[in-house]
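From first to last, the protein sequence lines stand for chains A and B. Residue numbering for the first sequence is 58 to 346, as defined by my numbering. Residue numbering for the second sequence is 1478 to 1744, as defined by my numbering.
For the record, the hints were derived by calculation from the structure and aren't laboratory data. Heads up, a few of these hints could be off.
[Said to hold, decoys possible] Which chain B residues stay away from chain A? Per the calculated CB distances, all over 10 Å, these:
1) GLY1530
2) ALA1534
3) SER1566
4) LEU1568
5) GLY1581
6) LEU1630
7) THR1649
8) LEU1678
9) GLY1698
10) PRO1701
11) ALA1708
12) PHE1716
[As the list claims (entries may be wrong)] For the chain B half of the interface with chain A, some residues (derived, Cβ under 8 Å), not all of them:
13) ASN1512
14) VAL1527
15) MET1569
16) TYR1606
17) ALA1655
18) ILE1658
[Stated by the list, open to error] Residues on chain A that point at chain B, a partial pick, calculated with CB under 8 Å:
19) MET98
20) GLY102
21) TRP158
22) GLY245
All C-beta atoms, glycine included, are put in the ideal place defined by N, C-alpha and C.
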Amino acid sequence: MRIPSTLPASAGVGFKPQHFAAITAARQPLGFFEVHAENYMGAGGPPHAQLSFLRESYALSIHGVGLSIGSPEPLDRDHLARLKQLCERYQPESFSEHLAWSSHGGIFFNDLLPLPYTEASLASIIAHVDEVQTALGRRMLLENPATYLRFAQSTIPEPAFLAAIARATGCGLLLDVNNVFVSARNHGADARAYLAEFPLDLVGEIHLAGHFETVDDAGAPLCIDAHGSPVIDDVLALYDEVIARSGPLPTLIEWDNDVPDWDTLRAQALVAQGRLDRAHNPGRARSAA
Amino acid sequence: MEEGKFVMPPDLQSEFAEALRDPGLPLPSGVIAHNSRLPQKRFAVYRNNVMVGLIGALEARYPATKRIVGEEFFAAAARLFATAHPPRSSLMMTYGDQFPDFLGAFKPAAAVPYLADVARLEAARTRAYHAADAKPLTPAELAGFGPDALAGLRFILHPSIEIVVSTFPIVTIWAMNADEIELAPLADWRGEDALVARPALDVEVRRLPAGAATFLQSLAGGKPLGAAANAALASSPDFDLAINLASLFSTGFAIEATQEPLEDLQP
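Turn these sequences into a full structure, and let the hints steer you where they fit.
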């Protein structure tokens, strides 16, 4: 029986060690904390001491960045073993990873790299997600990427690709609304059209984050998914539309670079919580994703 | 890129990966943008993200080293290292373990001969930070052996402990560039041996007294106390057993003591 993701349908933030003292000084008005799995793969020390302490009081989401599920190569067995150990130790309410690749030919690129969406890549990813869920004994959430390029080889639109993976494997989806905005802008596409096709019934968590804008080869806007700034109003507007359709969902504020002080980060989470409170719709109660 | 041509995914990924690492290679097959057939700048975002991320990881791991040579020099050295030695594991906390060796052989850094050893000290700090937790030996546990047994005791040291020996004053130099002590001219330019440890939650860096490095390395190698002390005295006549013994227990660096030879304890 696979453990489903059971994060509370409220706002959470990414835990950063520099906020530990502030967070633990008082009970925080947050539903959960999220951490990057790879930062907790050491043997001991402050990372585990802090995470163990937080775990006692808050729900936990473990978010991986290095599993390279989108690669046609076999999954890294050592990495999978470390993830299994981490999940067994902390029993998180959710484990998630990315629709992206990060390793090739023995080299780890430490970035989330894009892939073509074809029947072949779909089959490969379904096999990988099956392997991960079996190894971890839990259902995972798969996150939509922010992309700067597309592939001529792609035959399947991204929302349909993600839906097909979820339906074949029973995994859930992690809807990063900022990534939807960033990718749409980068591909001259419509974020709302993307979201209209997105299977919201399969979403177990939402990410909100900031980005910055530069220009591409043709002088057109190019958004970079930097996670280093507040969530912009356009992204919050998309978020409002998503949760109006889906009902409240666990929502993470993802701020990984130029991390602000605790008060600022918490305030951003409370903005999201305010939107969730307004979107509460008893007629469409969500079961645990 | 011909329409409808079937490209095997592994080849496409290889092309993408190789182009990420080599700016001289053309764009990988099939990569497109809605407004450009040759989206060089978009691909460069990925290439740049990868490199900036690796340089950032090295900066985070080697802040004092970076302070010594300055941001520009460090970034240039880091870029060369990251190009020649990309990560081979997704465990990024271990990335850059070889950076001190690289700096030691890096000709432009020859004017800063202590740089590699300071980097070694910093590398040990991150390893100590993530090392396994272990409870220190208590004075009561030690007293249980009796004073006559002391010379024959073997010790297991805290898993976080590393020793960095150097012919340069690396502890002082590190401390000055890590804002631990004030930056000032070094009156006494002599070699310093560093002990890096994390007996509880905080990483500690200590300058070891004469012979202490040999003493601790001997203990770590399984020698009983008496033999370790003799080795230390042989390496340095100024070795003070009383002070070093007191330090061993007050600092929490010893986690276990046994009268048995350590190899007999193997399961």
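We went through each hint and held it up to the structure:
With a least CB separation of 5 Å from chain A, GLY1530/B falls inside the 10 Å interface cut-off, contrary to its annotation. Separation of ALA1534/B from chain A is inadequate, the least Cβ-Cβ distance of about 7 Å not exceeding the 10 Å criterion. Against chain A, the non-interface label of SER1566/B is violated: not every CB pair exceeds 10 Å, the least being about 6 Å. The claim that LEU1568/B is not at the interface with chain A is violated, since a C-beta of that chain comes within 10 Å of its own (minimum 6 Å).
For GLY1581/B, the condition that its CB be more than 10 Å from all CB atoms of chain A holds, with the nearest at approximately 24 Å. The claim that LEU1630/B is not at the interface with chain A holds, since no C-beta of that chain comes within 10 Å of its own (minimum 25 Å). With 10 Å as the threshold on Cβ separation, the claim that THR1649/B sits away from chain A holds: the shortest Cβ distance comes to roughly 26 Å. Listed as outside the interface, LEU1678/B is inconsistent with that label: its C-beta sits roughly 5 Å from the nearest C-beta of chain A, within the 10 Å cut-off.
Residue-level check passed: GLY1698/B sits 21 Å from the nearest beta carbon of chain A, beyond 10 Å. Interface exclusion of PRO1701/B from chain A stands, the closest Cβ pair being 27 Å apart, more than 10 Å. The Cβ of ALA1708/B sits about 29 Å from the closest Cβ of chain A, beyond the 10 Å cut-off, so the non-interface label holds. At roughly 31 Å from the closest C-beta of chain A, the C-beta of PHE1716/B stays outside 10 Å, upholding its exclusion from the interface.
Using the Cβ-Cβ criterion of 8 Å, the hint placing ASN1512/B at the interface with chain A is satisfied: the shortest such distance is roughly 5 Å. At a threshold of 8 Å, the smallest CB-CB gap from VAL1527/B to chain A is about 5 Å, leaving the interface hint in force. The restraint placing MET1569/B at the interface with chain A holds, with a minimum CB-CB distance near 6 Å, inside the 8 Å limit. For TYR1606/B, the shortest C-beta to C-beta distance to chain A is roughly 5 Å, which falls under 8 Å, so the interface hint holds.
Against a cut-off of 8 Å between C-beta atoms, the interface hint on ALA1655/B is violated, since the closest Cβ of chain A lies about 17 Å away. The beta carbon of ILE1658/B is not positioned within 8 Å of any beta carbon in chain A (closest approach about 23 Å), and the interface hint is therefore violated. Because the smallest distance between the Cβ of MET98/A and any Cβ of chain B comes to about 6 Å, under 8 Å, the interface hint for this residue holds. For GLY102/A, the interface hint holds, the least distance from its beta-carbon to any beta-carbon of chain B being 5 Å, beneath 8 Å.
Given the 8 Å rule on beta carbons, the hint for TRP158/A holds: about 7 Å separates it from the nearest Cβ of chain B. Here the hint on GLY245/A is kept, as its CB sits about 4 Å from the closest CB of chain B, short of 8 Å.
Of the numbered hints listed earlier, those contradicted by the structure are 1, 2, 3, 4, 8, 17, 18.
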